[in-house]
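Q: All chains, please: the whole structure from these sequences, using the hints.
2 protein chains.
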Amino acid sequence: MPTYTAPLRDMRFVLNELAGTERLRTLPGCEEVGPDLVDPVLEEAARFCAEVLLPLNQSGDIEGCTLENGVVRTPRGFPEAYRAFREGGWTSLGADPDWGGQGLPKSVGLLVEEMICSANMAFGMYPGLSHGATMAIEKHGTPEQRALYLPKLVSGEWSGTMCLTEPHCGTDLGLIRTRAVPEDDGSVRITGAKIFISAGEHDLAENIVHLVLAKLPDAPPGTRGISLFVVPKFLPTEDGRPGARNGVTCTGLEHKMGIKASATCALAFEEAKGWLVGRPHKGLSAMFTMMNEARLGVGVQGLGIAEIAYQNAVAYARDRIQGRGLDGTKAPDRPADPILVHPDVRRMLLTMRAMTEGCRALCAMTALEHDVSLRHPDPEVRKAADDVVQLMTPIIKAVCTDTGWEAAVAGMQVWGGHGYIRDNGMEQFARDARITQIYEGTNGIQALDLVGRKMGAHAGRYLRSFFHPVLGFIEARMEEPAMEEFILPLSKAFGRLQQVTADLAQRGLRDPFEAGAAATDYLRLFGLTALAYAWARMAEIALGKEEDAFYRAKLATARFFMQRILPETSSLAAKVLAGGGTLKAFEDAAF
Amino acid sequence: MPTYTAPLRDMRFVLNELAGTERLRTLPGCEEVGPDLVDPVLEEAARFCAEVLLPLNQSGDIEGCTLENGVVRTPRGFPEAYRAFREGGWTSLGADPDWGGQGLPKSVGLLVEEMICSANMAFGMYPGLSHGATMAIEKHGTPEQRALYLPKLVSGEWSGTMCLTEPHCGTDLGLIRTRAVPEDDGSVRITGAKIFISAGEHDLAENIVHLVLAKLPDAPPGTRGISLFVVPKFLPTEDGRPGARNGVTCTGLEHKMGIKASATCALAFEEAKGWLVGRPHKGLSAMFTMMNEARLGVGVQGLGIAEIAYQNAVAYARDRIQGRGLDGTKAPDRPADPILVHPDVRRMLLTMRAMTEGCRALCAMTALEHDVSLRHPDPEVRKAADDVVQLMTPIIKAVCTDTGWEAAVAGMQVWGGHGYIRDNGMEQFARDARITQIYEGTNGIQALDLVGRKMGAHAGRYLRSFFHPVLGFIEARMEEPAMEEFILPLSKAFGRLQQVTADLAQRGLRDPFEAGAAATDYLRLFGLTALAYAWARMAEIALGKEEDAFYRAKLATARFFMQRILPETSSLAAKVLAGGGTLKAFEDAAF
Numbered sequence: 001m002p003t004y005t006a007p008l009r010d011m012r013f014v015l016n017e018l019a020g021t022e023r024l025r026t027l028p029g030c031e032e033v034g035p036d037l038v039d040p041v042l043e044e045a046a047r048f049c050a051e052v053l054l055p056l057n058q059s060g061d062i063e064g065c066t067l068e069n070g071v072v073r074t075p076r077g078f079p080e081a082y083r084a085f086r087e088g089g090w091t092s093l094g095a096d097p098d099w100g101g102q103g104l105p106k107s108v109g110l111l112v113e114e115m116i117c118s119a120n121m122a123f124g125m126y127p128g129l130s131h132g133a134t135m136a137i138e139k140h141g142t143p144e145q146r147a148l149y150l151p152k153l154v155s156g157e158w159s160g161t162m163c164l165t166e167p168h169c170g171t172d173l174g175l176i177r178t179r180a181v182p183e184d185d186g187s188v189r190i191t192g193a194k195i196f197i198s199a200g201e202h203d204l205a206e207n208i209v210h211l212v213l214a215k216l217p218d219a220p221p222g223t224r225g226i227s228l229f230v231v232p233k234f235l236p237t238e239d240g241r242p243g244a245r246n247g248v249t250c251t252g253l254e255h256k257m258g259i260k261a262s263a264t265c266a267l268a269f270e271e272a273k274g275w276l277v278g279r280p281h282k283g284l285s286a287m288f289t290m291m292n293e294a295r296l297g298v299g300v301q302g303l304g305i306a307e308i309a310y311q312n313a314v315a316y317a318r319d320r321i322q323g324r325g326l327d328g329t330k331a332p333d334r335p336a337d338p339i340l341v342h343p344d345v346r347r348m349l350l351t352m353r354a355m356t357e358g359c360r361a362l363c364a365m366t367a368l369e370h371d372v373s374l375r376h377p378d379p380e381v382r383k384a385a386d387d388v389v390q391l392m393t394p395i396i397k398a399v400c401t402d403t404g405w406e407a408a409v410a411g412m413q414v415w416g417g418h419g420y421i422r423d424n425g426m427e428q429f430a431r432d433a434r435i436t437q438i439y440e441g442t443n444g445i446q447a448l449d450l451v452g453r454k455m456g457a458h459a460g461r462y463l464r465s466f467f468h469p470v471l472g473f474i475e476a477r478m479e480e481p482a483m484e485e486f487i488l489p490l491s492k493a494f495g496r497l498q499q500v501t502a503d504l505a506q507r508g509l510r511d512p513f514e515a516g517a518a519a520t521d522y523l524r525l526f527g528l529t530a531l532a533y534a535w536a537r538m539a540e541i542a543l544g545k546e547e548d549a550f551y552r553a554k555l556a557t558a559r560f561f562m563q564r565i566l567p568e569t570s571s572l573a574a575k576v577l578a579g580g581g582t583l584k585a586f587e588d589a590a591f
Numbered sequence: 001m002p003t004y005t006a007p008l009r010d011m012r013f014v015l016n017e018l019a020g021t022e023r024l025r026t027l028p029g030c031e032e033v034g035p036d037l038v039d040p041v042l043e044e045a046a047r048f049c050a051e052v053l054l055p056l057n058q059s060g061d062i063e064g065c066t067l068e069n070g071v072v073r074t075p076r077g078f079p080e081a082y083r084a085f086r087e088g089g090w091t092s093l094g095a096d097p098d099w100g101g102q103g104l105p106k107s108v109g110l111l112v113e114e115m116i117c118s119a120n121m122a123f124g125m126y127p128g129l130s131h132g133a134t135m136a137i138e139k140h141g142t143p144e145q146r147a148l149y150l151p152k153l154v155s156g157e158w159s160g161t162m163c164l165t166e167p168h169c170g171t172d173l174g175l176i177r178t179r180a181v182p183e184d185d186g187s188v189r190i191t192g193a194k195i196f197i198s199a200g201e202h203d204l205a206e207n208i209v210h211l212v213l214a215k216l217p218d219a220p221p222g223t224r225g226i227s228l229f230v231v232p233k234f235l236p237t238e239d240g241r242p243g244a245r246n247g248v249t250c251t252g253l254e255h256k257m258g259i260k261a262s263a264t265c266a267l268a269f270e271e272a273k274g275w276l277v278g279r280p281h282k283g284l285s286a287m288f289t290m291m292n293e294a295r296l297g298v299g300v301q302g303l304g305i306a307e308i309a310y311q312n313a314v315a316y317a318r319d320r321i322q323g324r325g326l327d328g329t330k331a332p333d334r335p336a337d338p339i340l341v342h343p344d345v346r347r348m349l350l351t352m353r354a355m356t357e358g359c360r361a362l363c364a365m366t367a368l369e370h371d372v373s374l375r376h377p378d379p380e381v382r383k384a385a386d387d388v389v390q391l392m393t394p395i396i397k398a399v400c401t402d403t404g405w406e407a408a409v410a411g412m413q414v415w416g417g418h419g420y421i422r423d424n425g426m427e428q429f430a431r432d433a434r435i436t437q438i439y440e441g442t443n444g445i446q447a448l449d450l451v452g453r454k455m456g457a458h459a460g461r462y463l464r465s466f467f468h469p470v471l472g473f474i475e476a477r478m479e480e481p482a483m484e485e486f487i488l489p490l491s492k493a494f495g496r497l498q499q500v501t502a503d504l505a506q507r508g509l510r511d512p513f514e515a516g517a518a519a520t521d522y523l524r525l526f527g528l529t530a531l532a533y534a535w536a537r538m539a540e541i542a543l544g545k546e547e548d549a550f551y552r553a554k555l556a557t558a559r560f561f562m563q564r565i566l567p568e569t570s571s572l573a574a575k576v577l578a579g580g581g582t583l584k585a586f587e588d589a590a591f
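If you read the sequences in order, they're chains Z and Y.
Using the UniProt record's numbering, you'd call the opening residue of the first sequence number 1 and step up by one each time.
Using the UniProt record's numbering, you'd call the opening residue of the second sequence number 1 and step up by one each time.
Calculated from the structure, these hints are not laboratory results.
Hints may be right or wrong, so weigh each one.
It does not matter which identical chain is meant; a pair holds if it fits inside one copy or across any two.
What the hints assert, rightly or not - With a Cα cut of at most 20 angstroms, we get these calculated EDC-like pairs of lysine to aspartate or glutamate: (1) 492 with 568; (2) 330 with 172; (3) 584 with 327; (4) 330 with 587; (5) 545 with 480; (6) 584 with 547; (7) 584 with 183; (8) 215 with 588; (9) 584 with 319; (10) 273 with 166; (11) 383 with 547; (12) 492 with 378; (13) 215 with 172; (14) 584 with 511; (15) 273 with 144; (16) 330 with 511; (17) 282 with 172; (18) 492 with 503; (19) 545 with 587; (20) 330 with 588; (21) 330 with 319.
A: See the structure below:
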């Protein structure tokens, strides 16, 4: 069975040394955020994840959820673990103190989320979805709605869902058919079918708060006619307890490739009582205000899987003996050397490590901007920080989930045939990780978001929020010999990115098909350049501290990234520059 | 449920037009191999695979195999399908007529294998393993062993296995512990534990012929002390029928990520009666003589999965409507356009298509050389053909299985959330394909085979068997304007490959670690260049025939390959040239 030790040293590094907690402490409500406050939280989370959540990961996968007469049972141990999770305060970590939350910044919350996803990603779906519902009501609900739902959601007594997808539409929500008919008392009656609803029905919480996209009778067609509603499973009584059963039932559970302990429900709404959240017909934009955070969260799922896959691949590579080192025997006292000595195994492990630590760094840097964008007193500073978040969100979602997947797959490969066997747990990581590249907007949609929405917006303002700091960073270090091995490859990749961006901006303006044809390769090129920037910054921190093994490993990993991963940017640039002609020319009938 | 239509037009193209059946017909026993003989075989195989094997693919995955009291049951329908398979003559297609086979060349057999792997890869494991056992006995058995076992194996009445792996060793077979103790009657008693034995026990055939690697008492240590034995499940009676039960039992079935209908057995040999096959202590080299064919076969598994994943991704992309074309509405009469219009979807589909058709071409070209290497009367011609097979085998195994995996994964992505749902069948392709990158030598081992064994062998003779024809092909077409768009990128990639090969040969000679550090990237670079060569050859055939949609699509796909896939070679070359320093420098303790 896989093991997991939270990478606390690296988490503290990205939080305190890379992103920097000094800047965090200038924010209202974050004055106390430092090692004294954060370390115990991280350590307790690490313990909880390793001791409570991890042991349920494999059994949860094997057992899955069951549906009987509309009742969904989560796997054995899940209800108890959820209760402990709730009582440990993990549902309220980042929530507003007004509703019973602990008010910790995203910069800390993301690290805890990573641990949860490493230990038991399927479990993490339940509180994760509640978080989205909390935000929706906090941001768009009436004072009454907030007072009714938020304390329950924050405490974890109730959980939440996001009901968007329908059988015939997911990406294109303009097509949804679920209807909301207003009643005289200000409520609505909701009727329709939703699918792929994570945590749509389960036995962990006493009530479930569905946030539902539906159309009012007078709705304009398409995405401009979608409204957001709150639809509780049990209608709250006067004193805020779960009362009568509402007209929403679970009609089916999906059999999925992975995250089998997460109940993915088909829900039937039959004249279910609901209430408008936010303004009529503005439901989609209300949803989109939560999207950045949800997408960062999915990125962190990928990161979490990458970390545990790496740890267990390393453990196997140390333990398994097979063959001899190509440059000589390494363990003469044993019948063979540990496979860790083989260069191709080291290549796989270092690729996993460099991508994982790079993604963690990128998440931490972006989480800090996220905190600034929400909390800084100066609206100009908030806006500048939000620009970074807007730009980096699709990149983090796609790159971190690709990393989770690739690391899980590489982890299987290190394990050889044993990686393909269920009992060893490595293949579960791959099956679980796969969904992160698909949901919350496929990674192809992230790429379109980057080239379609973010690239051109505000005359390139989002882009500049990345390009200017990177350029400044490079220029300030051109004369530093110790940084040369990092700055040169970074500046080469950055040059490619700038060239390709200029080319694509022109072509994409003339023909949006060209932007779409380049999107995925462009996002990857952007992501690798952002990782190179993060690695150069990390290397700079580590330089001069080589007596400490942690910093030595940082530098060695940074070198590996620059020499063996970053060259991918040359191909990506060439693919983007090749244009979309061959995609367009292919006849539809010939596929 | 997925559908499958065998790509007969493309199969005939690679067989007749690309590889060329004229050359095949010059070989003894192949004089009649032409459309009149081959087309009905392919058509009947296509029908059988679509009608009999495909309907059992998903149910076999869900049901899996069961083990009770040492008896393994395959999923419902498998015994009947196997009987029909056998009676249809599919087990004997390529076998020697001396033993009841039909003597068809590999060039035809591989196409049928591809169809089987598309329709039901797990089913194909059973006859596939028999094929390996047949070859082992045919090549290394005594006349008595051949007379006893081959007719039964060829007819499919009996099936075969290859028992190599043990719990503590797979790649490094020098470590095996299974013992063979000679008896006075010339037989041996075999004792030991084997794992991961495909078709090790099942209910499809009346007897199972195990080919077992074990050590004789006087065996030298390591791989030079391994012998090969035949160990039947039931000891054959005087008249060749299954008699007394031998001391080999199935002690466990693995729960795997995929190919769940294939029984992956742990076998216990307890003083099981067996007989030496070939010479004592030469078992590993006997196994290796079969390895090329087995590895080509695994490559074809990848190809088969890639094809069916592509077909079903295209079907969904035509059917699913979501959003509007970026360059304008394409289906104004419908609420949205089919997702086939989206450039990123087309990019995924064309990548799948270009890699799949390219791999099929490479397999066909290599299968022809394989046939020549076995059948040509002139030993010099045989040797030259064998050089190509030796060189291309690790490349085909790795590139085709990577293609199977990547296509299956891309197919899921085209399906979005629905691709993650078991009932839709797309995720099964990914789970099934994953093992092909691992077994029969992981793809990392293929890469080591290429740089370690094939690159330097015979002063580069294997390499020249590829480099010379490609160089000749390029040079002969430098002045042809119509070929320029294919020849230029091919020659660029080929130049990179030559440069990198020279560099690596030097560095690898000085330090084998350097060869190992480059191996995987080098193999991929080599594979893409070989695919570019295949695509240029296919484009040349298609040029001038553009009135036919088939050739138009070939040309369009060739252009896509050159412009959007082949640029990967630039990064791969850079990674190889970066060397293995960063892999070596990383401290073991720091992983």
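Q: Take the hints in turn and mark each one as holding or not.
A: Hint check:
Both within a single protomer and between protomers do residue 492 and residue 568 lie at most 20 angstroms apart by alpha-carbon distance, with minima of 12 angstroms and 17 angstroms respectively. Within a single copy, residue 330 and residue 172 get their C-alpha atoms only as close as 57 angstroms, which misses the 20 angstroms cut-off; across copies the closest is 15 angstroms, which meets it. Taking the closest pair of Cα atoms, residue 584 and residue 327 come within 20 angstroms of each other only across two copies (10 angstroms); inside a single copy the shortest separation is 50 angstroms, beyond that limit. In this homomeric assembly, residue 330 and residue 587 come within 20 angstroms of each other (Cα to Cα) only across copies, at 14 angstroms, whereas the closest approach inside a single copy is 57 angstroms.
In this homomeric assembly, residue 545 and residue 480 come within 20 angstroms of each other (Cα to Cα) only inside a single copy, at 17 angstroms, whereas the closest approach across copies is 60 angstroms. Only between protomers do residue 584 and residue 547 lie at most 20 angstroms apart by alpha-carbon distance; the minimum there is 19 angstroms, versus 56 angstroms within a single protomer. Taking the closest pair of Cα atoms, residue 584 and residue 183 never come within 20 angstroms of each other, the shortest separation being 50 angstroms inside a single copy and 71 angstroms across copies. In the homo-oligomer, the alpha carbons of residue 215 and residue 588 never lie at most 20 angstroms apart, since the shortest distance is 34 angstroms inside one protomer and 59 angstroms across protomers.
Taking CA atoms no more than 20 angstroms apart as the test, residue 584 paired with residue 319 passes between copies only; the shortest distance there is 19 angstroms, against 51 angstroms inside one copy. In this assembly of identical chains, residue 273 and residue 166 lie within 20 angstroms of each other by CA distance solely inside one copy; the values are 19 angstroms within and 61 angstroms between copies. Taking CA atoms no more than 20 angstroms apart as the test, residue 383 paired with residue 547 passes in neither setting, with 41 angstroms inside one copy and 57 angstroms between copies. For a Cα distance limit of 20 angstroms, the shortest separation of residue 492 from residue 378 qualifies neither inside one copy, at 35 angstroms, nor across copies, at 54 angstroms.
Taking CA atoms no more than 20 angstroms apart as the test, residue 215 paired with residue 172 passes inside one copy only; the shortest distance there is 14 angstroms, against 63 angstroms between copies. In this assembly of identical chains, residue 584 and residue 511 lie within 20 angstroms of each other by CA distance solely inside one copy; the values are 11 angstroms within and 48 angstroms between copies. For the identical chains of this complex, residue 273 and residue 144 are intra-copy neighbours only, at 16 angstroms inside a copy versus 81 angstroms across copies, given an alpha-carbon limit of 20 angstroms. When the C-alpha separation of residue 330 and residue 511 is checked against a cutoff of 20 angstroms, the pair qualifies only between copies, where the shortest distance is 15 angstroms, while the shortest distance within a copy is 58 angstroms.
In the homo-oligomer, the alpha carbons of residue 282 and residue 172 lie at most 20 angstroms apart inside one protomer (16 angstroms), although the nearest pairing across protomers, at 63 angstroms, exceeds that limit. With identical chains, the CA atoms of residue 492 and residue 503 are at most 20 angstroms apart within one copy only, with a shortest distance of 17 angstroms there and 23 angstroms across copies. Taking the shortest Cα distances, residue 545 and residue 587 sit within 20 angstroms of each other only across copies (16 angstroms), while inside one copy they are farther apart (59 angstroms). Taking the shortest Cα distances, residue 330 and residue 588 sit within 20 angstroms of each other only across copies (11 angstroms), while inside one copy they are farther apart (57 angstroms).
Within a single copy, residue 330 and residue 319 get their C-alpha atoms as close as 14 angstroms, which meets the 20 angstroms cut-off; across copies the closest is 57 angstroms, which misses it.
In the structure shown, a violation is registered for the earlier hints numbered 7, 8, 11 and 12, in ascending order.
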